[in-house]
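Quick mapping for you: the protein sequence lines, in order, are chains X and L.
Note that the numbering used here has the first sequence beginning at 1, numbered continuously upward.
Note that the numbering used here has the second sequence beginning at 1001, numbered continuously upward.
Just so you know, the hints here were simulated from the structure itself, not pulled from any lab data.
The beta-carbon is built from N, C-alpha and C at its ideal position, and this holds for glycine as well.
Where hints are given, some of them may not hold.
Capping the alpha-carbon separation at 30 Å, the derived lysine-lysine pairs in DSBU-like fashion look like this [as the list claims (entries may be wrong)]:
id, chain 1, residue 1, chain 2, residue 2
1, L, K1090, X, K79
2, X, K63, L, K1076
3, L, K1090, X, K114
A partial selection of chain X residues facing chain L, derived with a Cβ cut-off under 10 Å [claimed, not checked]:
id, residue
4, E78
5, Q89
6, A154
So you can see what is in the structure, the chains are spelled out below.
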Amino acid sequence: MTPADNSIAIDIQQLSKNFGKVNAVDGISFQIRRGEIFSLLGTNGAGKTTTIKMLCCLLTPSKGNAQVMGNSITDHPEKIKKIIGVSPQETAIATHLSPQENLALIGGVFKLSKDLIKKRSAELIDLMELTERKGSQSRKLSGGMQRRLSIAMALMSDPEIVFLDEPTIGLDPHARKSVWNYIEKLKGEKTILLTTHYLEEADALADHIAIMKAGKIIDEGTSFELKKRFRKGQSLHITTDIIIPEVLEGLKAKNLMVRNDNTNLFIEADELDIYDIMDYLRSKKLKIEGLQLREPTLDEVFIELTERGGES
Amino acid sequence: MRFLSLSKRNFKELFRDPVTVLLGIALPLVMVLLFASIYERTRFHVFSPTELAPVVNIFSFTFLLMFSATLLAKDKQSAFLLRLLTTPLKPLDFILAYLLPFLALSLLMIASCLLTGYAIGANYANIPGILLILFLVGITCIGLGLILGSFFTVSQVSGVGSIIITAASLFGNIWTPLEMMGGVFKTVGYAMPFAHAADALRFMVYGGRLLDVSEHLIWVLAYAVIFIVGGVFAFKWSTRPK
Ligand SMILES: Nc1ncnc2c1ncn2[C@@H]1O[C@H](COP(=O)(O)OP(=O)(O)O)[C@@H](O)[C@H]1O
Ligand SMILES: [Mg+2]
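With these hints in hand, go ahead and build the complete structure from the sequences.
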């Protein structure tokens, strides 16, 4: 990366890390643009945490390098540590300190002024919905609140770059949604690298997704691009009371992919002519109890990709 | 002064835990009082407040060791330390932050032990000497705590820590005079700093000078230097980028 290219926040080249014989990260390369939310998506053990740890200079790469805002992770960790905020995979808070004190601690470590610490911690506490408990020791907070505090601590120094390692792991759906809302608010303001194994999370938040498996990036793109590339076409899910073989034959004759069990009918094609299908089913007197048109989900892309990757 | 924020946190973490107050402050006081009551009946000089309060203090420093090792091991295990390692804190900041609160606690322990002894009739002739020896033992224990905390997990720390506490209690020349035990016990006892410190203190409470106990002093000083330097290196080693 040339210094002039300031649209790139993180530039990773052939980054590798092995622990003994385990290639935790195996020659990955990608770039993260400034202000975007980039998601590393992968199952447990894919190498996401190891990647983040190298980028925040906790681990030294076995091979390759990366630049964070133009600073090499091997040569200038001290510069990088001033501009990043990290939310580790495990909740990382001081349990005997209140949320307020935890945030002030980070503020102090980054040498923020007293006034700024006050102002910013108040904002973060408000944003993370911790106001009611801001003064109680963190060990007494619920898991969800502790998690939100842990994320807030990553933002206390107003870092240019934020690493969120599985930010919503172990949260209930409601708490997860509120963390998503918050991350969404940061969109465009901060460069965020977010790892997750929740597909909906990457889908909902990320501008750009890289799918990681066994230390490698096996595909990369926007959620839309990934879906388009791996599941073309649409699928129609019909619930009915009884399915007669004649109907199945008739649909197959229209060049449609048809699957079914007793009461469910799945019709797939690159492009479905729904009016035509409906007319046909009506002519066969099929009683339609439920109807759903589905676009491919990122789940399907992910499962297809990681399973296919597994065979190679 | 980035380390001050973290020192403050460690200080609070320490003092907000009731165990600190119970084991670090209350238990030694109870011991001093208990042994003083034995002294009332037996008149065995080892249990007199004058001799006992300072040496109980030595023993209580083994809890200090547990506290510092546990805090560090806990922070390592909980990813809290990991988070701090991604901030601009430098190795020296960490070391100061993990030392200072324990130094403060050790001073508090010294004050509370000696003053309790004083309240029940102890008489310390060479106070500066006593303070120096106690301070060195405190440093030794904090340093050893850093070493243990750097290498061990919380549960390992409680195992190893219990062994050290037991060893200090049995062979530390605290309330079981090594001279009476003799043999291998005596050898083990005098291989550790506690017995030397206890001997030196027993001498100084009656007005002995540091020079008179120079051999014990060298042992105590050497342990203090080795463990504090070792602690600093252990900490740096265990937190280096791997
Ligand atoms: N410190 C370590 N020592 C040995 N192996 C490790 C270490 N850290 C991670 N690994 C291994 O590296 C691989 C990737 O781990 P990780 O980066 O934590 O994956 P993820 O975050 O995607 O779940 C796993 O096989 C894991 O067991
Ligand atoms: Mg992980």
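query: Are there hints from earlier that the structure breaks, and if so, what are their numbers?
result: none
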